[in-house]
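Throw the hints in and build the complete structure from the sequences for me.
In case you want the letters, here they are:
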Amino acid sequence: MTQVAVQLKAPDERVAKRNPLQQLLGRPEVGALVGAIVLFIFFASVSQTFIQPASFATVLYGSSTIGIMAVGVSLLMIGGEFDLSTGVAVISSALTASMFSWYFSTNVWVGVLLALAVSLTIGFINGWILMKTKLPSFIVTLATFLMLTGLNLGLTRMIGGGVSSPSISTMDGYTSAQAVFSSSVNIGGVDVKNTVFIWIVLVAAASWVLLRTKVGNWIFAVGGDANAARAVGVPVKATKIGLFMAVGFCGWILGMHNLFAFDAVQSGEGVGNEFLYIIAAVIGGCLLTGGYGSAVGGAIGAFIFGMANKGIVYAQWNPDWFKFFLGLMLLLATIVNLIVKRRADSSKG
Amino acid sequence: MNAKQIDQQQLLRDEKDPLTHTPVHLLSLENVGKHYGNIVALTDVTMAVDNGRVTCVLGDNGAGKSTLIKIIAGLHQHDEGVLHVMGAERKFGSPRDALDAGIATVYQDLAVVPLMPIWRNFFLGSELTTGVGPFKSMDVQKMKDITKKELADMGIDLRDVEQPIGQLSGGERQCVAIARAVYFGAKVLILDEPTAALGVKQSGVVLRYILQARDRGLGVIFITHNPHHAFPVGDRFLLLKRGKSIGYYDKKDITLDELTAQMAGGAELAELAHELEQLGGHGDVVKEVQGEMAGVEHSTGKAYT
Chain H
1 MTQVAVQLKA
11 PDERVAKRNP
21 LQQLLGRPEV
31 GALVGAIVLF
41 IFFASVSQTF
51 IQPASFATVL
61 YGSSTIGIMA
71 VGVSLLMIGG
81 EFDLSTGVAV
91 ISSALTASMF
101 SWYFSTNVWV
111 GVLLALAVSL
121 TIGFINGWIL
131 MKTKLPSFIV
141 TLATFLMLTG
151 LNLGLTRMIG
161 GGVSSPSIST
171 MDGYTSAQAV
181 FSSSVNIGGV
191 DVKNTVFIWI
201 VLVAAASWVL
211 LRTKVGNWIF
221 AVGGDANAAR
231 AVGVPVKATK
241 IGLFMAVGFC
251 GWILGMHNLF
261 AFDAVQSGEG
271 VGNEFLYIIA
281 AVIGGCLLTG
291 GYGSAVGGAI
301 GAFIFGMANK
311 GIVYAQWNPD
321 WFKFFLGLML
331 LLATIVNLIV
341 KRRADSSKG
Chain G
1001 MNAKQIDQQQ
1011 LLRDEKDPLT
1021 HTPVHLLSLE
1031 NVGKHYGNIV
1041 ALTDVTMAVD
1051 NGRVTCVLGD
1061 NGAGKSTLIK
1071 IIAGLHQHDE
1081 GVLHVMGAER
1091 KFGSPRDALD
1101 AGIATVYQDL
1111 AVVPLMPIWR
1121 NFFLGSELTT
1131 GVGPFKSMDV
1141 QKMKDITKKE
1151 LADMGIDLRD
1161 VEQPIGQLSG
1171 GERQCVAIAR
1181 AVYFGAKVLI
1191 LDEPTAALGV
1201 KQSGVVLRYI
1211 LQARDRGLGV
1221 IFITHNPHHA
1231 FPVGDRFLLL
1241 KRGKSIGYYD
1251 KKDITLDELT
1261 AQMAGGAELA
1271 ELAHELEQLG
1281 GHGDVVKEVQ
1291 GEMAGVEHST
1301 GKAYT
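Those protein sequence lines, which keep their order, are chains H and G. Start counting the first sequence at 1; every next residue gets the next number (our numbering). Start counting the second sequence at 1001; every next residue gets the next number (our numbering).
Derived from the structure by calculation, the hints contain no laboratory data. You may find that some hints are simply not true.
The list that follows gives simulated cross-link-like pairs (lysine-lysine, DSS-like), each with its CA atoms no further than 30 Å apart [as the list claims (entries may be wrong)]:
id, chain 1, residue 1, chain 2, residue 2
1, G, Lys1187, G, Lys1144
2, G, Lys1149, G, Lys1136
3, H, Lys237, H, Lys214
4, G, Lys1187, H, Lys214
5, H, Lys132, G, Lys1091
6, G, Lys1148, G, Lys1201
7, G, Lys1201, G, Lys1187
8, G, Lys1148, H, Lys214
9, G, Lys1091, H, Lys237
10, G, Lys1187, H, Lys237
11, G, Lys1144, H, Lys237
12, G, Lys1201, G, Lys1149
13, H, Lys237, G, Lys1142
14, G, Lys1251, G, Lys1201
15, H, Lys214, G, Lys1144
16, G, Lys1091, H, Lys214
17, G, Lys1149, H, Lys214
18, H, Lys134, G, Lys1091
19, H, Lys237, H, Lys132
20, G, Lys1187, G, Lys1241
21, H, Lys214, G, Lys1142
22, G, Lys1187, G, Lys1149
23, G, Lys1201, G, Lys1241
24, G, Lys1091, G, Lys1244
25, H, Lys134, H, Lys214
26, G, Lys1136, H, Lys237
27, G, Lys1136, H, Lys214
Part of the chain G face toward chain H, derived, beta carbon under 8 Å [as the list claims (entries may be wrong)]:
id, residue
28, Leu1099
29, Val1113
30, Pro1114
31, Leu1115
32, Met1116
33, Arg1120
34, Ser1126
Even glycine gets a Cβ: it sits at the ideal position worked out from N, Cα and C.
Written out as structure tokens, the structure reads:
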């Protein structure tokens, strides 16, 4: 037995020392970071406009509208679940705020707070049904997606009599709400939308939660192996429901931005956007199967999306090609993720 | 581990008194039963666990071992009988309840999350935190240091506790799981088939940890289907078969050969030999089974044919 002890005491010689570069390559978001740098250099070289501060602010703004949702969706995917209802839930939130305050002629802020409650409730219901039925989240949230799409169209026509919510620009509280959810900050002569800052704050907060709090530990655990997590006392159900509610919260912020960027919302919008958020998270290194990824990765994924989206315009190409680019990025990112997971899973026993 | 080398008298002489004497058992089960719908998974099981003692639960696949530990670990609730912890009747609603009562389980699949770093796994569900209110964060450095130290005490010197636990070998992962349970002040340690997937040497290492845990005063429940692993470390033996208890012995009342015979089930072997013969089974196989039968008969003094 002494032989065994000796063998166990010296595992170092069986594990090669990793240099800092290799250690960096082990991070989930590195693939996306490399992709982002390559894409940036590429667009910077083909288009002069792309690197001008004003255009770059536009790219950042485009990225932030995806990125705010990608924060919540990334956390949810690390927690091992999926949400297909996010795209329309954003619009549901915006419609709730505008229709309620318009119909009851209240201060806009009342509608905004009600929308927050509705968004969190949608998240809670998604998570609760999932935990109760143990159905795949794909099915449950697909059902929510369809129901919300119908509700958005149906209720808007019933209450407002059209496909778009009535304008609320003249109502009490509109100006202050617009200042919070959709304003610009002038930095060095360039107008930067405040959603960019909200996005950065959300990413920082999510990263802190994920890496430095016990809730973050639980999120990784419920996504990596829910049974193991439950066995050591992690509240799996509460964690997953909480994650769906976090997605709801992000949806509320984006919904409010969509509302106050103009003064009305189209009830049929949002369909298909849920995939953009998931794509951002996947490109950013979150595993579809859960248990691995980062909030920063989701942010980089959103940034890649923003660059490709606007870069094609600045390079004066036909935007038809955009979806092709996106598909290619997604494929490459998933392959990189697959290699990462295989390496992490392989036992050296 | 050659059976012939294990001398019962030697083992009994080396037996130490329990480290602490409690008037009641640390954990005891009386006539505990469990059924899933109309399937009876476990009936009438009685056993006890004491400080500094190892209670072995032996049985073949489907004998009810897993059901038994799931009841003790709080994953399932029993339908019949009573479960006492320190003399008080308990029924665990969740694994958290059992953990809070000092019962820690090292599962066959180890309840570790392969993609997560070792230190995160070590403290999963019992994270150390600093700070107050919404800004409460994990004390990462302290957790890493403790993980490293606790594993070093178990004889594993890890270079990097950041490495995903999935990269460790089976024996090492087992050690992490045991070290985790010991560190979090478990009074009762349940080990579910810890040696099942391990080679001979690694099994030896794990058996040594079982004795270490025992010597630290823990009550250990060691679940296995291998009497050669159970006998050297166990103080009490509960034998299960088809959800029923077929024997509950103190070490002084049973020998390894008897234990093996009970496990193997002489009558069943005889039946199998007949069946194989009738089916025109391969001569060698029949002979092998008959040979094994003869061995069982020899050790128990009973004839099954």
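The hints, checked one at a time:
no.: 1; hint: Lys1187(G) with Lys1144(G); in the structure: holds (24 Å)
no.: 2; hint: Lys1149(G) with Lys1136(G); in the structure: holds (24 Å)
no.: 3; hint: Lys237(H) with Lys214(H); in the structure: holds (15 Å)
no.: 4; hint: Lys1187(G) with Lys214(H); in the structure: holds (25 Å)
no.: 5; hint: Lys132(H) with Lys1091(G); in the structure: holds (23 Å)
no.: 6; hint: Lys1148(G) with Lys1201(G); in the structure: holds (23 Å)
no.: 7; hint: Lys1201(G) with Lys1187(G); in the structure: holds (27 Å)
no.: 8; hint: Lys1148(G) with Lys214(H); in the structure: holds (19 Å)
no.: 9; hint: Lys1091(G) with Lys237(H); in the structure: holds (21 Å)
no.: 10; hint: Lys1187(G) with Lys237(H); in the structure: holds (28 Å)
no.: 11; hint: Lys1144(G) with Lys237(H); in the structure: holds (27 Å)
no.: 12; hint: Lys1201(G) with Lys1149(G); in the structure: holds (24 Å)
no.: 13; hint: Lys237(H) with Lys1142(G); in the structure: holds (28 Å)
no.: 14; hint: Lys1251(G) with Lys1201(G); in the structure: holds (25 Å)
no.: 15; hint: Lys214(H) with Lys1144(G); in the structure: holds (14 Å)
no.: 16; hint: Lys1091(G) with Lys214(H); in the structure: holds (28 Å)
no.: 17; hint: Lys1149(G) with Lys214(H); in the structure: holds (21 Å)
no.: 18; hint: Lys134(H) with Lys1091(G); in the structure: holds (25 Å)
no.: 19; hint: Lys237(H) with Lys132(H); in the structure: holds (9 Å)
no.: 20; hint: Lys1187(G) with Lys1241(G); in the structure: holds (27 Å)
no.: 21; hint: Lys214(H) with Lys1142(G); in the structure: holds (14 Å)
no.: 22; hint: Lys1187(G) with Lys1149(G); in the structure: holds (21 Å)
no.: 23; hint: Lys1201(G) with Lys1241(G); in the structure: holds (29 Å)
no.: 24; hint: Lys1091(G) with Lys1244(G); in the structure: holds (21 Å)
no.: 25; hint: Lys134(H) with Lys214(H); in the structure: holds (25 Å)
no.: 26; hint: Lys1136(G) with Lys237(H); in the structure: holds (21 Å)
no.: 27; hint: Lys1136(G) with Lys214(H); in the structure: holds (9 Å)
no.: 28; hint: Leu1099; in the structure: holds (5 Å)
no.: 29; hint: Val1113; in the structure: holds (4 Å)
no.: 30; hint: Pro1114; in the structure: holds (6 Å)
no.: 31; hint: Leu1115; in the structure: holds (5 Å)
no.: 32; hint: Met1116; in the structure: holds (5 Å)
no.: 33; hint: Arg1120; in the structure: holds (6 Å)
no.: 34; hint: Ser1126; in the structure: holds (7 Å)
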